[in-house]
Every structure is written in structure tokens, then in C-alpha cells.
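Residue numbering for the sequence shown follows this note's numbering, starting at 52 and increasing by one per position.
Please keep in mind that the hints were generated in silico from the structure rather than gathered at the bench.
Don't take each hint at face value.
Straight-line alpha carbon distances no greater than 16 Å define the calculated EDC-like cross-link-like pairs of lysine to aspartate or glutamate that follow [claimed, not checked]:
(1) K279 with D211
(2) K95 with E138
(3) K95 with D155
(4) K95 with E224
(5) K279 with E224
Label pairs and their computed distance ranges (CB to CB) [said to hold, decoys possible]:
(6) R140 with G275: 23 to 29 Å
(7) R140 with E248: 32 to 38 Å
(8) A273 with A156: 21 to 27 Å
(9) E260 with D133: 33 to 39 Å
(10) W97 with A175: 34 to 40 Å
(11) R208 with G319: 18 to 24 Å
(12) T310 with E248: 16 to 22 Å
(13) E306 with G236: 23 to 29 Å
(14) Q114 with K279: 38 to 44 Å
(15) L204 with T308: 20 to 26 Å
(16) G188 with D103: 34 to 40 Å
In this text, a Cβ means the ideal position worked out from N, Cα and C, and glycines have one as well.
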Amino acid sequence: MIVSDLWRYPVKSLRGEPLREAEVRPWGISGDRRWMVVDPSGEKLWAGEHHDMVTVSAARTGQGLRLRAGGRPDLHVDEPVDGPPVEVRLRGVGHAVSAGDPADAWLSEALGRRVRLVWLADPARRPMSEAHGGRPGDVLSFADAAPLLLATLPSLRQLDDWIAQNGGGAPLEMSRFRPNLVIDGDLPPFAEDTWNEVQAGEVRFRFAEHCDRCAVTTLDPATGRSGKEPIRTLARHRRWDGQVWFGIRVVPLNEGTITVGDPVRAEGTRSSR
52 MIVSDLWRYP VKSLRGEPLR EAEVRPWGIS GDRRWMVVDP SGEKLWAGEH HDMVTVSAAR
112 TGQGLRLRAG GRPDLHVDEP VDGPPVEVRL RGVGHAVSAG DPADAWLSEA LGRRVRLVWL
172 ADPARRPMSE AHGGRPGDVL SFADAAPLLL ATLPSLRQLD DWIAQNGGGA PLEMSRFRPN
232 LVIDGDLPPF AEDTWNEVQA GEVRFRFAEH CDRCAVTTLD PATGRSGKEP IRTLARHRRW
292 DGQVWFGIRV VPLNEGTITV GDPVRAEGTR SSR
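Required output: the full structure, derived from the provided sequences and hints.
Shown next, in the form of C-alpha cells:
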């Protein structure tokens, strides 16, 4: 098995960026989900409700951020180390740092609604919930549940086959599932369900929980248009506890570097669902 792809999502719910190499910290890939879009009351904006968010791309540039959307000039945003605090209604956060009026105005025009961009200066202060497999000392950024999401290409190929058998269309892009770490190799579909620990490059991870999937996976990453897949097919083949499942959430056990092409070793000691 090898690392086939690495992804970082600098701004929660915006389009991410592929990486050749990633530095992993206790809260996830360096620079992943350190920024978030909120409404004027501090509630997070979510691509499952605001589909056009996936058409706006965000990429790290040194100590800042580059925002890009079709038909608009790019915007560079520096990390707002001295910005004013903004109330944020997200578990374990309470407040974040305002990115400033230019960033707010650019995103508000791009998304067609009044929003603010905020930055999490210290991701080590947000504890990971025990309900999602967190243990004392585990931390995460603005990510929903765990520091990283892991998925495998054999599982995606199996899902594509199921969709094709049901008269579906073209194969799905893995980017719909917004993974950080994608693995390929000679392994059966959904082998990751049973993994207890994974070594990728210099970093070892432990399993936190299976990943339940939401409406964001039904969005075309290029256009933001929604459809029925993959939720419809996952509901036929991968449904339990009232949810549908694809990928696993993992927690790093050490810091280090992962590069595309690195070997991967996994230990499976749990039963598959």
C-alpha cells in the first residue's frame, strides 16, 4: 500500500488543495481547516447548505491564504495575528480571530451573502470530543470530528461499481469525500473499516471512528450542483445506525512528514461492520 493523494482544506467547507508532501501536527495536516466562514452571528457556514462554497478555492501561501473564485481577482489574506476576536458558535472554540474587512467583503460577494472569515490562532486549545473517539490530550482545528480523514481508492472503485450497476453515471472524484489521506494498493474494498493503526510515511495514526457521510458528498466539486449519488448507493450497501459510511477518522500519534508515494502499513484488529 502507498499514499496516493494528500489533501489540505485551509478553509472549512471551501475547495481544498492537493499536496505532494504534508507536515502532520497533533491537530492534523499543517494548515488544514485553520480558517472558517461564519455568518454575522458566528454560526459556521456549511457547504451542505451553501453549495457554492465548494466552488471557491483556498490555498496556503506562506503564512497566509489565497482565495480564488471564477470571474473574480484572487485575494491574499495574511494570518491575522493581531486581529480582533470574533464569537464563533462551534464546540470547543468560543472565539476566533477576524481576518479583516477585505476578506469579509471578498467572500460575501463571492458567496452572495454576508459572511466573515475567521482564523484559529491556536488549534491546540480545541479538545477532540470523546464522542468521536477522542482521548485526553487529543486536539483538532475547525475540523468537525477528528484531525484527519482517511479513505482508500479500492473502496471508491467498489462504490463506483455499485453505482454503475444501478445505472449511474461517470466515476466519482475522491474529492467529494474531502479526505486528507488517500491510500491505494492491493487491498480489498473497505479494508480500512478494520484498521486499528496505520503508518504512513513518518506518521502513525490510530483509528478514531468510521466516518458518516452527509450531503456534501452529493455536490459536484467543480460546479456545486447536487445529485443523488453517492448517498443513494451508500444507503443500499453501507448503511447502519441510521447513517451511511465511507472512510475513517484518524488521530496522529506523532508528528512527522508524509509524502505521496510513501509506503503504508496497517494493523487490523477490529471487526468490520
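Results for each hint:
1. Using a Cα cut-off of 16 Å, the hinted pair K279 and D211 holds, with the two alpha carbons roughly 13 Å apart.
2. Restraint check for K95 and E138: satisfied, since their Cα atoms lie roughly 11 Å apart, inside the 16 Å limit.
3. At most 16 Å may separate the alpha-carbon atoms for a hinted pair to count; K95 and D155 meet this at roughly 14 Å.
4. A hinted pair counts as satisfied when its Cα atoms are at most 16 Å apart, and K95 with E224 does not qualify at roughly 25 Å.
5. Simply put, K279 and E224 have alpha-carbon atoms about 15 Å apart, close enough for the 16 Å limit, and the pair holds.
6. As the Cβ distance of R140 to G275 is approximately 24 Å, the hint placing it in 23 to 29 Å holds.
7. Taken as a hint, the range 32 to 38 Å holds for the pair R140 and E248, whose Cβ atoms sit roughly 34 Å apart.
8. Checked against the given bound of 21 to 27 Å, the beta carbons of A273 and A156, roughly 25 Å apart, stay inside it.
9. Our hint of 33 to 39 Å for E260 and D133 holds, since their Cβ atoms are close to 37 Å apart.
10. At roughly 24 Å, the beta carbons of W97 and A175 sit outside the given window of 34 to 40 Å.
11. For the pair R208 and G319, the supplied restraint of 18 to 24 Å holds, since their beta-carbon distance comes to about 20 Å.
12. Checking the proposed 16 to 22 Å range against T310 and E248 shows it holds: the Cβ atoms sit about 20 Å from each other.
13. Separation of E306 from G236 is about 25 Å and conforms to the stated range, judged on CB atoms against 23 to 29 Å.
14. At about 41 Å, the CB distance of Q114 to K279 agrees with the hint of 38 to 44 Å.
15. Under the hint 20 to 26 Å, the C-beta atoms of L204 and T308, about 22 Å apart, fit the expected range.
16. The hinted window of 34 to 40 Å between G188 and D103 holds, with their beta carbons roughly 37 Å apart.
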